[in-house]
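Could you build the full structure based on these sequences and the hints that come with them?
Sequence lines, in order, name chains A and B. Counting from 2, one number per residue, gives the positions in the first sequence under our numbering. Counting from 2, one number per residue, gives the positions in the second sequence under our numbering.
In case anyone wonders, no lab produced these hints; they're calculated from the structure. Possibly wrong hints are sitting among the right ones.
Just so you know, same-sequence chains aren't split out, so a pair can sit in one copy or run between any two.
[Stated by the list, open to error] With a cut-off of at most 25 Å between alpha-carbon atoms, the simulated SDA-like pairs for lysine to any residue come out as follows:
hint	residue 1	residue 2
1	84	98
2	45	72
3	45	25
4	84	69
5	86	12
6	86	48
7	86	22
There are 2 protein chains.
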Amino acid sequence: MSSVILINSFEIPEGQEDEVISYWEEAAQLMRSAPGYISTALHKAVDENARFQLVNRAEWESAEAFYAAVQTPEFIAFAERNKGKYHYFPGVYTIIRNDDDLG
Amino acid sequence: MSSVILINSFEIPEGQEDEVISYWEEAAQLMRSAPGYISTALHKAVDENARFQLVNRAEWESAEAFYAAVQTPEFIAFAERNKGKYHYFPGVYTIIRNDDDLG
Chain A
2 MSSVILINSF EIPEGQEDEV ISYWEEAAQL MRSAPGYIST ALHKAVDENA
52 RFQLVNRAEW ESAEAFYAAV QTPEFIAFAE RNKGKYHYFP GVYTIIRNDD
102 DLG
Chain B
2 MSSVILINSF EIPEGQEDEV ISYWEEAAQL MRSAPGYIST ALHKAVDENA
52 RFQLVNRAEW ESAEAFYAAV QTPEFIAFAE RNKGKYHYFP GVYTIIRNDD
102 DLG
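Structure (structure tokens):
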């Protein structure tokens with residue numbers, strides 16, 4: 002099975018960015034030992050008017066591996082501790098078009 | 002200057018996905034000949050409940066190169082033709098954390 006890409010976009014209220022970065026760091030530490038984890042990268046917007054100031058992009062061996070990683074007791078406890086604190090929009094994706102399709 | 006990453010997330014009403022893919026293809030064709038363009042990839046959500054069913058990710062040599070590419074007469078005409086049709090959230094990003102920072 003080919004790998005998938007998690008993209009998680011964060012809406013960040015003024016002044017909360019450092020806190021969200023710490024949250025990302027803790028989440029990334031939990032994720033990186035999970036089976037099927039490949040890599041992660043936290044993206045920061047160049048333009049302060051971008052709707053999503055931080056975007057996480059991670060690669061996983063499969064969607065199932067990612068879904069399993071967020072169902073571990075450790076991760077559930079982490080999520081419960083941070084419940085409602087941050088506003089983000091995660092999705093698991095596959096690439097359906099790239100430069101090779103542009104002819 | 003190091004490269005930047007464009008991430009553009011599309012909110013897609015039921016049944017509009019093929020139309021947005023065609024829109025992406027036309028935009029990508031316009032972009033790929035612009036100075037500073039590196040690559041692009043259109044991502045489709047695995048889960049139909051994801052807020053953003055399509056996400057474009059492109060690499061550019063600099064934020065300025067991307068901003069210049071969307072200011073050409075050709076691209077402005079394309080944007081005018083499609084004005085208000087689609088709902089998307091673009092941002093230009095740099096990576097501020099990755100696996101090497103997780104210790």
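ask   = Of the hints stated earlier, which fail here?
value = The structure conflicts with no hint, since it agrees with every one listed earlier.
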